[in-house]
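> My request is simple: use the sequences and hints to build the entire structure.
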Amino acid sequence: MKSPLLLRHFIVLVEVNAHLGMTNIYINWKVDYADQSVLFVVTQETLLLGYVIIGFSDHGSYNNSDICIYNEGKLRDGYIDGNFQIHFDRSQDCQLEKRQSNKFAFRRRFATCDSRDFAFETGTTQFIIAGGFEFTRDFSSSSVMKVMRYGVLIDMEDTASPEEPVGTHFKVLADDALIPNVVTTYWCIIERIPPELSNRKHHIVQVRSS
Numbered sequence: 018m019k020s021p022l023l024l025r026h027f028i029v030l031v032e033v034n035a036h037l038g039m040t041n042i043y044i045n046w047k048v049d050y051a052d053q054s055v056l057f058v059v060t061q062e063t064l065l066l067g068y069v070i071i072g073f074s075d076h077g078s079y080n081n082s083d084i085c086i087y088n089e090g091k092l093r094d095g096y097i098d099g100n101f102q103i104h105f106d107r108s109q110d111c112q113l114e115k116r117q118s119n120k121f122a123f124r125r126r127f128a129t130c131d132s133r134d135f136a137f138e139t140g141t142t143q144f145i146i147a148g149g150f151e152f153t154r155d156f157s158s159s160s161v162m163k164v165m166r167y168g169v170l171i172d173m174e175d176t177a178s179p180e181e182p183v184g185t186h187f188k189v190l191a192d193d194a195l196i197p198n199v200v201t202t203y204w205c206i207i208e209r210i211p212p213e214l215s216n217r218k219h220h221i222v223q224v225r226s227s
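With this note's numbering applied, the sequence shown corresponds to residues 18 to 227, in that order.
These are calculated hints, taken from the structure and not from any lab test. Among the clues, some could well be false.
Listed next, the in silico DSSO-like pairs over lysine-lysine satisfying Cα-Cα at most 30 Å (straight line) [what the hints assert, rightly or not]:
id, residue 1, residue 2
1, Lys-91, Lys-163
2, Lys-47, Lys-91
3, Lys-120, Lys-163
4, Lys-120, Lys-47
5, Lys-115, Lys-47
6, Lys-91, Lys-120
7, Lys-91, Lys-115
8, Lys-47, Lys-163
9, Lys-163, Lys-115
10, Lys-188, Lys-218
Only a predicted model underlies this, so the values are computations on that prediction, with no experimental measurement involved.
What follows is the structure, given as structure tokens:
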């Protein structure tokens, strides 16, 4: 199989692929934990489609899913509604990084401010791979070739970060709090951090319940 890498300084971690008619599509991705984003590289082989849709689902169905639409050299963020109609999002969170004749690269953050966007988390992700020769907003149309594939975007082992060698520990207690045992209860308290910590910025690396 030909290498689907587009940007040489990115290392391919994993891949899913699909056959849409005469077209072979390969999707590779590289997770950038520092940037909290994923770079996808999509390659077409044999026959180029007029447009390509890459989507993400967590319920095993095409409708009500988050998608990125590559059409005429441009990438747009969208979603498929409950009636299999394609809509474009106001917030464009699919960022096109580079394109060539038979491939393109785009970036998506783990989480966005758009409630319709799929949040990238550990575990199995359902990939929607679709396309055709003339774009239509009707995803249920027979002219839209589509398949669903499964892959692991973010590996659980990769997310484990070593504990800080030096850190400060302190407890936040809710004194004399009586929690009802009848209904589920969520309470919040405001607690001032110790004076020795309040004079400069810190990063919280772990929070545990007692």
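> Determine for every hint whether it applies to the structure shown.
These are the hints, each one checked on the structure:
1. Lys-91 / Lys-163: Between Lys-91 and Lys-163 the Cα gap is close to 20 Å, so the pair holds against 30 Å.
2. Lys-47 / Lys-91: holds (21 Å)
3. Lys-120 / Lys-163: Between Lys-120 and Lys-163 the Cα gap is close to 18 Å, so the pair holds against 30 Å.
4. Lys-120 / Lys-47: Holds. Lys-120 to Lys-47 sits at ~16 Å (cutoff 30 Å).
5. Lys-115 / Lys-47: Between Lys-115 and Lys-47 the Cα gap is close to 15 Å, so the pair holds against 30 Å.
6. Lys-91 / Lys-120: Holds: Lys-91 and Lys-120 sit about 12 Å apart, inside 30 Å.
7. Lys-91 / Lys-115: holds (10 Å)
8. Lys-47 / Lys-163: holds (24 Å)
9. Lys-163 / Lys-115: holds (24 Å)
10. Lys-188 / Lys-218: holds (18 Å)
In summary, this structure violates none of the numbered hints.
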